[in-house]
Structures are given as structure tokens and as C-alpha cells.
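With the hints as constraints, model all of the structure from the sequences given.
In case you want the letters, here they are:
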Amino acid sequence: MILLKIFWSFFQIGLFSIGGGMAAIPLIQNQVVTIHNWLTLSEFTDLITIAEMTPGPIAINSATFVGIRIAGIPGAIVATIGCIFPSCIIVSLLAWIYFKYKQLTVLQGILSGLRPTIVALIASAGLTIFSLAIWGDNGFSLDFQLINYVSVIMFGLALFILRKLKPNPIYVMLGSGIIGGVIYMIL
Amino acid sequence: MKSKNNIYKKLFVSSFYLSAFTFGGGFVIIPLMKKKFVDELQWIEENEMLNLAAIAQSSPGAVAVNAAILIGYRVAGILGAIITILGTVLPPFIIISVVSVFYTAFRDNLIVNAVLKGMQAGIAAVIADVVINLGGNVIKGKDIISVLIMAGAFISTFYFKINVVYIILVCGFIGAIRTLFHSNKNKKDDNL
Numbered sequence: 349m350i351l352l353k354i355f356w357s358f359f360q361i362g363l364f365s366i367g368g369g370m371a372a373i374p375l376i377q378n379q380v381v382t383i384h385n386w387l388t389l390s391e392f393t394d395l396i397t398i399a400e401m402t403p404g405p406i407a408i409n410s411a412t413f414v415g416i417r418i419a420g421i422p423g424a425i426v427a428t429i430g431c432i433f434p435s436c437i438i439v440s441l442l443a444w445i446y447f448k449y450k451q452l453t454v455l456q457g458i459l460s461g462l463r464p465t466i467v468a469l470i471a472s473a474g475l476t477i478f479s480l481a482i483w484g485d486n487g488f489s490l491d492f493q494l495i496n497y498v499s500v501i502m503f504g505l506a507l508f509i510l511r512k513l514k515p516n517p518i519y520v521m522l523g524s525g526i527i528g529g530v531i532y533m534i535l
Numbered sequence: 006m007k008s009k010n011n012i013y014k015k016l017f018v019s020s021f022y023l024s025a026f027t028f029g030g031g032f033v034i035i036p037l038m039k040k041k042f043v044d045e046l047q048w049i050e051e052n053e054m055l056n057l058a059a060i061a062q063s064s065p066g067a068v069a070v071n072a073a074i075l076i077g078y079r080v081a082g083i084l085g086a087i088i089t090i091l092g093t094v095l096p097p098f099i100i101i102s103v104v105s106v107f108y109t110a111f112r113d114n115l116i117v118n119a120v121l122k123g124m125q126a127g128i129a130a131v132i133a134d135v136v137i138n139l140g141g142n143v144i145k146g147k148d149i150i151s152v153l154i155m156a157g158a159f160i161s162t163f164y165f166k167i168n169v170v171y172i173i174l175v176c177g178f179i180g181a182i183r184t185l186f187h188s189n190k191n192k193k194d195d196n197l
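Line order of the protein sequences matches chains A and B.
The first sequence begins at 349 in the working numbering and counts up one residue at a time.
The second sequence begins at 6 in the working numbering and counts up one residue at a time.
No wet-lab data here; the hints were simulated from the structure.
Just to be clear, a hint being listed does not mean it is correct.
As the list claims (entries may be wrong) - The list that follows gives simulated cross-link-like pairs (lysine-lysine, DSSO-like), each with its CA atoms no further than 30 Å apart:
1) B/Lys145 / B/Lys166
2) B/Lys9 / A/Lys512
3) A/Lys450 / B/Lys147
4) A/Lys448 / B/Lys9
5) B/Lys15 / A/Lys448
6) A/Lys450 / B/Lys9
7) A/Lys512 / B/Lys147
8) B/Lys145 / A/Lys512
9) B/Lys166 / A/Lys448
10) B/Lys166 / A/Lys353
11) A/Lys512 / B/Lys166
12) A/Lys514 / B/Lys15
13) B/Lys14 / A/Lys450
14) B/Lys166 / B/Lys147
15) A/Lys450 / B/Lys145
Here the structure is a predicted model, which means the values were calculated and not measured.
Structure (C-alpha cells):
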């Protein structure tokens with residue numbers, strides 16, 4: 349019964365969170381804290397912190413975290429499946445329409461408007477992380493003392509290596525994590 | 006049969022490790038997927054990758070999972086989609102399962118925090134690299150409306166924090182109108 353409840357809760361979270369991770373947070377809070385009291389508000393804040401520190405979508409991270417606390421590994425599995433179930437159905441449907449009708453003029457037109465939009469969204473996400481790396485949580489500032497110069501140099505070096513040597517980006521991310529980690533621990 | 010198994014294996018391994026290194030929202034994994042499936046494996050064209058990203062963003066649920074479903078389906082049908090879903094969901098599932106046991110220690114760990122801070126610069130550089138390529142191609146296309154859509158969408162989301170759903174709706178609408186307008190004009194030109 350509890351597994352069914354978990355499934356249904358995360359099914360709703362998966363179904364109604366359109367537009368990425370941040371859009372899902374209030375929905376998760378509503379289901380997990382307000383309606384079911386599965387987590388206290390401070391546990392929920394911890395969950396969001398951990399979700400941001402670990403890889404993967406926030407909704408999937410929350411599903412695993414809440415599922416495991418309520419009903420162990422089966423709970424985590426059920427919550428995760430509930431969370432991706434609406435995606436699977438709706439995306440499969442859209443994929444089918446897309447591959448069947450992609451030659452259609454109207455669909456081509458819509459997609460021609462969406463492609464530059466996606467580039468803009470990627471750029472915006474990148475700039476958000478860039479400003480987090482350079483200025484921390486306070487965001488952009490003209491005060492030179494607030495600039496994290498370690499981040500600036502690592503960003504410049506990483507971008508140079510990516511443009512010139514075209515390595516696997518995972519190595520660049522791992523390398524900056526290790527080098528940055530060592531530098532920050534020493535400083 | 007062997008080559009097919011090879012594709013399944015590559016799909017799983019690729020989506021698994023892309024997911025394992027995707028810190029921060031769906032728009033961090035899209036550039037990584039573009040590098041892997043468009044540049045390296047050449048299974049998908051750049052424009053098609055952007056189409057799939059647009060569908061992933063317009064659908065409910067996590068963008069990373071949606072994009073994985075679409076790429077898996079595009080490369081190897083339904084079974085491909087199931088494989089990429091598993092590959093994408095397993096890393097966060099395993100990591101959170103482990104972390105949930107001692108999560109306060111993890112949250113307050115200085116080394117973890119230092120490494121994560123270091124990774125931010127690397128992730129920002131990876132995204133910048135992909136944006137230079139993709140944005141450069143939009144500008145080189147010399148289509149003024151596409152460039153305006155890109156600039157407008159960027160300002161709307163980054164400065165005005167407008168909900169992405171509305172941006173997608175408006176830009177898709179502009180694209181549809183533009184194409185219909187063009188094809189009407191071409192018809193008229195043909196008649197003359």
C-alpha cells in the first residue's frame with residue numbers, strides 16, 4: 349500500500365514538472381513534505397542540497413532518497429519508476445509523431461524556431477554555472493575582490509584545452525574537480 | 006547480430022557515464038550528449054540533436070531522461086530507449102542510495118565540497134565550448150530570424166527568468182508562422 353502511494357506521488361511529480369529540475373522542486377515539496385509528511389522541511393532542504401551535489405536529475409535523486417527512507421530499496425525503485433513513467437509515455441508518443449511527420453512543413457517550422465531557442469537555453473545554463481564558479485552564490489559583481497581567480501584560470505585553461513585538443517569532456521570535468529579540489533583544500 | 010549488440014552496449018555505457026557526470030540540470034547533459042552522439046559517434050546530426058533536445062524540454066519530466074529516451078529510440082528503437090533510460094537512471098539511483106545512508110556527513114564533507122567547487126569551472130568550460138560551436142552555426146546560417154530568436158530567448162531566460170515553457174511556446178509559434186509565410190510566398194512566386 350505504501351509502495352502504491354509512493355508510486356502515485358512520484359508519478360504526479362513526473363507528470364507535472366515541465367521545464368527541468370527547478371520546476372520540480374515545489375512539486376516535490378508539496379507531495380513529500382506537505383501532503384504525506386515523509387520528510388520534515390529541514391530534511392527536504394538537505395535533500396535538495398544533496399541532489400545538487402550529486403549527478404542526475406533532481407526528481408530522480410529525490411525519488412531514490414525518499415523511497416529508500418520510507419520503504420527501503422523497493423521504495424526507491426517504485427518511486428523512480430513512478431517518476432519516469434509519464435516521461436516514457438509522453439516522450440514516446442512525441443517521438444513517434446516526430447519521426448513520422450518530421451517532413452511536414454509546419455513541424456519543420458516549429459523546430460526551426462526551437463533549435464536556436466535550445467542553443468540559448470544551453471548558453472543560459474552555462475552562464476549560470478560560470479557565474480557560480482567565478483562569483484559564488486552572490487552572483488555577478490564588479491568588485492574584483494569577490495572574483496574567484498582559481499576558477500577564472502581553470503575555466504580559461506579548460507576552455508583552451510577543449511578548443512585546441514578536443515579531449516573527452518568528462519576528463520576535463522574530472523580534471524578540474526581534482527585540481528580544484530586540491531587547490532581549495534590547500535588554500 | 007554482433008554489431009547490434011555492440012550498439013546496445015555502447016548506448017548503455019555512453020548514457021551511463023554521461024549521467025554519472027551530469028552535475029546540474031538538464032542543460033548540462035544536452036551539450037555532453039551532443040559531443041558524444043553527434044561529434045564522436047556520429048549517430049545523430051547536429052540539427053536532429055537540437056530537435057530532440059527541443060522535444061525533451063517540451064515534455065514533462067526530467068530533461069535528461071527525456072533526451073535519453075529520444076536518443077535511444079532514434080538509434081536503436083524501443084529496446085534502445087529502454088537501454089538509455091536504464092543507463093541514465095542507474096547512476097543517480099546508485100549514488101543516492103549510498104549517500105542517503107550517511108548524508109549529513111557527505112553534505113558537510115570539505116573534500117567533497119572542494120572537488121565540486123573545482124568541477125564548476127570545468128563544467129562551465131564544457132558548456133561554453135558547445136555553445137561556441139552551436140551558436141556559431143546559428144550565426145553563420147545568416148538567417149536573421151533565427152539569430153533574433155536565439156538572442157531573444159537568451160535574454161528572456163537569463164535576465165528576465167521567464168518560465169522556459171512560455172519561451173518554447175512562443176519560439177515554436179514564431180518558427181511555424183515564418184515557415185508558413187515563406188511557403189505562401191514561394192507559391193505566389195511560382196504563380197507569377
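Verification of the hints:
no., hint, result
1, B/Lys145 / B/Lys166, "holds, 27 Å"
2, B/Lys9 / A/Lys512, "violated, 34 Å"
3, A/Lys450 / B/Lys147, "holds, 23 Å"
4, A/Lys448 / B/Lys9, "holds, 23 Å"
5, B/Lys15 / A/Lys448, "holds, 26 Å"
6, A/Lys450 / B/Lys9, "holds, 26 Å"
7, A/Lys512 / B/Lys147, "holds, 26 Å"
8, B/Lys145 / A/Lys512, "holds, 21 Å"
9, B/Lys166 / A/Lys448, "violated, 34 Å"
10, B/Lys166 / A/Lys353, "violated, 34 Å"
11, A/Lys512 / B/Lys166, "violated, 34 Å"
12, A/Lys514 / B/Lys15, "holds, 20 Å"
13, B/Lys14 / A/Lys450, "holds, 28 Å"
14, B/Lys166 / B/Lys147, "holds, 28 Å"
15, A/Lys450 / B/Lys145, "holds, 24 Å"
Hints 2, 9, 10, 11 from the list above are not met by this structure, while the remaining hints are.
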